[in-house]
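Student: Quick note, the sequences are listed as chains A and Z, same order. Quick note: the first sequence uses this note's numbering, first residue 1, plus one each step. Quick note: the second sequence uses this note's numbering, first residue 1, plus one each step.
FYI, nobody ran anything at the bench for these hints, they're computed from the structure. You may find that some hints are simply not true.
Distance ranges between label pairs, derived from CB positions [as the list claims (entries may be wrong)]:
(1) 129(A) x 218(Z): 24 to 30 Å
(2) 11(A) x 373(Z): 49 to 55 Å
(3) 245(Z) x 82(A): 35 to 41 Å
From chain A, some residues computed to sit far from chain Z (all C-beta separations above 10 Å) [as the list claims (entries may be wrong)]:
(4) 108
(5) 127
(6) 142
All C-beta atoms in this analysis are idealised placements derived from N, C-alpha and C, irrespective of residue type, glycine included.
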Amino acid sequence: MGKMDIYIGLALIILSAVFFGLTFQFPKQTLAMPPTLFPRIICLGLFIMATILFWQGWKKRAWRTEIVKESAIPWGRFLAMIILAFVYTRVLEPASYILATPFLIAGLMIIFYEKSWLRITTVSLAATFFIYIVFRIFFKVPLPRFELF
Amino acid sequence: MVSFWAGYSQIFSWQTFPYLFLGVAGGIVVGALPGLTASVGIILLLPLTYQLDPSTAMVMLCGMFCGAIYGGSISAILISTPGTPSAAATVLDGYPLALKGQAGKALGVATIASTIGGIISTFCLIFISPQLAKFALKFGPEEYFALMVFGLTIIGSVSGKSLNKGIIAGLFGLLIATIGLDPVTGYARFSFNNPNLMSGFPLLPVLIGLFAISEIFIQLENISQGSWKAVEHKLGQFLPTLQEMKKLSPIIILSSLLGTLIGVIPGTGGAIAAFLAYNEAKRWSKDPESFGTGNIAGVAAPEAANNGTTGGAMVPLITLGIPGDVVTAVMLGALMLIGIRPGPLMFKEHPQVINAIFAGMMMANVLMLILGLISIRFFPYVLKLPNSILFPIIFALCFLGSFSLNNSVYDMAVALGFGVLGYFMRKNGFPAVPIVLGIILGPIAEDELGHALLLAKGDWRVLFQSPLALFFYGLAAFSVIFSLKRMKGLRGG
């Protein structure tokens with residue numbers, strides 16, 4: 001994790017410095033506690049801790065001689081899941097809940113290694129209906145642009 | 001005025017009881033499924049509960065809390081995989097018992113011990129919390145600020161292997177909490193003229209993203225490596241004999257009390273209590289060698305202790321507004337979402353919610369016993385539910401849950417964003433709980449600091465003049481030292 005600690009530490013150092021800089025745009029006022037105080041204390045703390053993380057990562061990197069294999073992330077499926085979820089947020093309102101959700105669930109089932117098309121079809125339709133019943137009928141929580149009954 | 005009986009009459013009404021039942025039953029299923037913890041269960045319920053009245057919502061969440069902590073023992077016993085971190089100690093003797101064909105008995109003892117643990121801890125909650133709240137009513141803003149500082153030091157206890165990463169996560173949460181309107185001046189900080197950022201990040205999508213969606217990403221990775229096992233044992237008989245129960249009773253009662261005590265201490269939790277109780281049961285046993293090979297006391301002790309923490313962890317939450325463990329940190333967010341700020345004023349302003357929590361916790365444990373014993377035969381089928389069905393449905397529930405709070409697609413994007421962030425943080429050893437603590441406790445701390453300084457006309461010495469505030473700073477310092485020592489111990493092996 002040494003290499004990742006260096007990158008994350010560096011990113012957090014930049015983030016805290018940028019946020020600290022942004023506090024200078026806040027209006028000056030004479031109240032007991034200005035709006036800049038809390039964010040500046042936090043940014044300063046984050047800057048210090050991120051520097052320590054960077055330093056720890058750097059030390060680990062220098063000592064490490066053998067390559068340690070990290071657990072494999074299924075990148076393709078991971079990205080597919082994010083894209084699918086993002087597309088769902090875009091089509092949910094225009095297409096309505098009842099039309100968009102079966103595709104989301106079916107897509108997710110494929111990403112989660114489901115191979116049976118019969119199961120994908122029945123589960124995605126049944127789950128869409130089940131969620132509708134739970135949200136809309138049982139708990140009276142509104143869903144986008146569609147009322148089945 | 002707190003009235004236990006008023007709470008009972010409420011939870012037995014038709015408007016509330018079905019929700020308690022659903023909470024407990026759902027909690028048992030969520031706890032039994034590896035990868036779904038009590039925190040995830042509570043977060044899944046949140047979008048649904050904010051439409052209910054606060055008392056019913058809290059009863060349902062308490063049911064989920066108790067049910068999930070018990071449910072963790074099911075997969076621990078049947079497939080040697082704790083459903084929740086609290087059930088990790090139950091694996092040690094539960095799974096060997098299952099291998100011997102006594103899974104049913106292990107599940108029966110786990111059910112009884114969990115129920116007794118939960119009931120004893122609820123009694124303690126009922127007797128301790130009103131007294132503590134009465135005392136806490138005397139707090140002014142400077143004492144509250146000191147209390148929030150102490151609350152934030154819990155970050156050290158939930159930081160896992162790296163204190164530095166835990167503190168960074170906490171500071172990151174605090175930084176996120178500063179986005180939006182400043183509580184004293186009303187100036188919109190770090191909002192970049194974006195109207196969505198004016199009120200900061202919405203809490204529910206952040207919780208859903210950090211805990212539930214990131215967990216689904218982690219499960220995707222686990223499934224690709226094929227980590228779940230199948231249930232292949234016979235259950236055998238369910239109930240222990242009277243003689244066995246007589247032998248187990250002192251262990252269960254002492255473990256329950258130990259669990260309650262551990263639960264009251266902020267920043268601890270069920271896993272610590274369960275391992276401590278297991279060690280104590282082993283230490284006092286006449287046959288310590290049999291522990292780890294299938295001793296039924298090795299199931300009773302951790303299960304009584306982990307459910308013992310449920311009532312204990314609620315004490316600091318409802319009396320002081322600081323979480324006792326990871327699950328109550330999420331519960332703290334749940335209370336805020338349903339419009340209640342936990343703390344001593346809750347006893348004055350929302351006594352009906354307090355009554356409902358007391359009666360609900362008690363009844364949740366009774367229901368847990370009934371449901372647990374009836375459904376032991378069906379537990380193996382719950383664990384056979386394919387991941388390719390379970391996690392897509394949970395993802396859809398999470399996603400729609402984040403939409404439903406404000407009917408906003410922006411909230412769904414926030415949940416997805418924090419899900420990805422939470423996943424990469426967890427992959428790199430950054431815990432998610434400190435972020436939530438920072439987001440929830442940060443604004444309260446800033447608000448109280450602002451009030452204290454306004455009342456003292458900007459004199460900072462006011463923060464160190466109250467003996468109670470100094471007491472909380474002392475506790476905070478102790479908590480930090482304790483965390484540092486724990487880290488040193490972890491590194492030393």
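Student: In ascending order, which of the hints set out earlier in this document are inconsistent with the structure?
Tutor: Violated: hints 3, 4, 5 and 6.
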